[in-house]
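Could you build the full structure based on these sequences and the hints that come with them?
Each chain is listed here by its residues.
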Amino acid sequence: DVKVTQSSRYLVKRTGEKVFLECVQDMDHENMFWYRQDPGLGLRLIYFSYDVKMKEKGDIPEGYSVSREKKERFSLILESASTNQTSMYLCASSLTGASTNEKLFFGSGTQLSVL
Amino acid sequence: RKEVEQDPGPFNVPEGATVAFNCTYSNSASQSFFWYRQDCRKEPKLLMSVYSSGNEDGRFTAQLNRASQYISLLIRDSKLSDSATYLCVVMRTRGSTLGRLYFGRGTQLTVWP
Numbered sequence: 315d316v317k318v319t320q321s322s323r324y325l326v327k328r329t330g331e332k333v334f335l336e337c338v339q340d341m342d343h344e345n346m347f348w349y350r351q352d353p354g355l356g357l358r359l360i361y362f363s364y365d366v367k368m369k370e371k372g373d374i375p376e377g378y379s380v381s382r383e384k385k386e387r388f389s390l391i392l393e394s395a396s397t398n399q400t401s402m403y404l405c406a407s408s409l410t411g412a413s414t415n416e417k418l419f420f421g422s423g424t425q426l427s428v429l
Numbered sequence: 086r087k088e089v090e091q092d093p094g095p096f097n098v099p100e101g102a103t104v105a106f107n108c109t110y111s112n113s114a115s116q117s118f119f120w121y122r123q124d125c126r127k128e129p130k131l132l133m134s135v136y137s138s139g140n141e142d143g144r145f146t147a148q149l150n151r152a153s154q155y156i157s158l159l160i161r162d163s164k165l166s167d168s169a170t171y172l173c174v175v176m177r178t179r180g181s182t183l184g185r186l187y188f189g190r191g192t193q194l195t196v197w198p
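Chains A and B, in that order, give the protein sequences. Position 11 of the first sequence, counting from 1, maps to 325 under the numbering used here, and the rest follow consecutively. Position 54 of the second sequence, counting from 1, maps to 139 under the numbering used here, and the rest follow consecutively.
Read the hints as simulated data drawn from the structure, not as lab findings. Watch out, some of these pointers could steer you wrong.
Claimed, not checked - Keeping only pairs whose Cα atoms sit at most 27 angstroms apart, straight-line, the calculated DSSO-like set for lysine-lysine is:
| hint | chain 1 | residue 1 | chain 2 | residue 2 |
| --- | --- | --- | --- | --- |
| 1 | B | K164 | A | K371 |
| 2 | B | K130 | A | K371 |
| 3 | A | K317 | A | K367 |
As structure tokens, this is what we get:
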């Protein structure tokens, strides 16, 4: 079974801190994604990557950056955390993205609180 | 306008009931359609894909109407374990070759004994 592992389940940070959220997948998937999920807003795509060192902005990239130095690892970086970035962050991966029936595999999420 | 619109519910139904969820999508270029299920405090997981001809998986039936840009999910003989949030998801390519998924906000279902 595919495993997508997020490094922390809960994280508390202070405003202005630099925050790293790590995600690792073990199935050699090409594509990786970062979403945030907020009550009433659903899942929103922050950034995604379809290859090592490749990245594309999603719908809400402001205040975030990403890094994909290795195929299995996709990091989300909050350069200077703000309270409006308090959210559940979900990492996901998929095999190719070319298939019209692509299945996303999600990690269990990181609940980030910025104080 | 949102890419995917769903009635958030909540839907509260007794065991054994039949319940239907609806979803509309705004972009006619959308190519693929799915229902995901998300349990409380858990990650979303794929429940089923939705095909133009309609498809069934046990007690679950999904329908797609491309002309109306409408997707539905029917659950028959509801079980307590069906209690979850159901996410309507559409996929389309946008610029890059990689298909992007757009999620609805989810419909919450509670099945009571």
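Do the hints match the structure? See the list:
Taking the CA atoms of K164/B and K371/A, the gap is near 40 angstroms; set against the 27 angstroms cutoff, the hint is violated. Distance check on the hinted pair: K130/B and K371/A sit about 23 angstroms apart at the alpha-carbon level, within 27 angstroms; holds. For the hint linking K317/A to K367/A, the alpha-carbon distance of about 21 angstroms falls within 27 angstroms, and the restraint holds.
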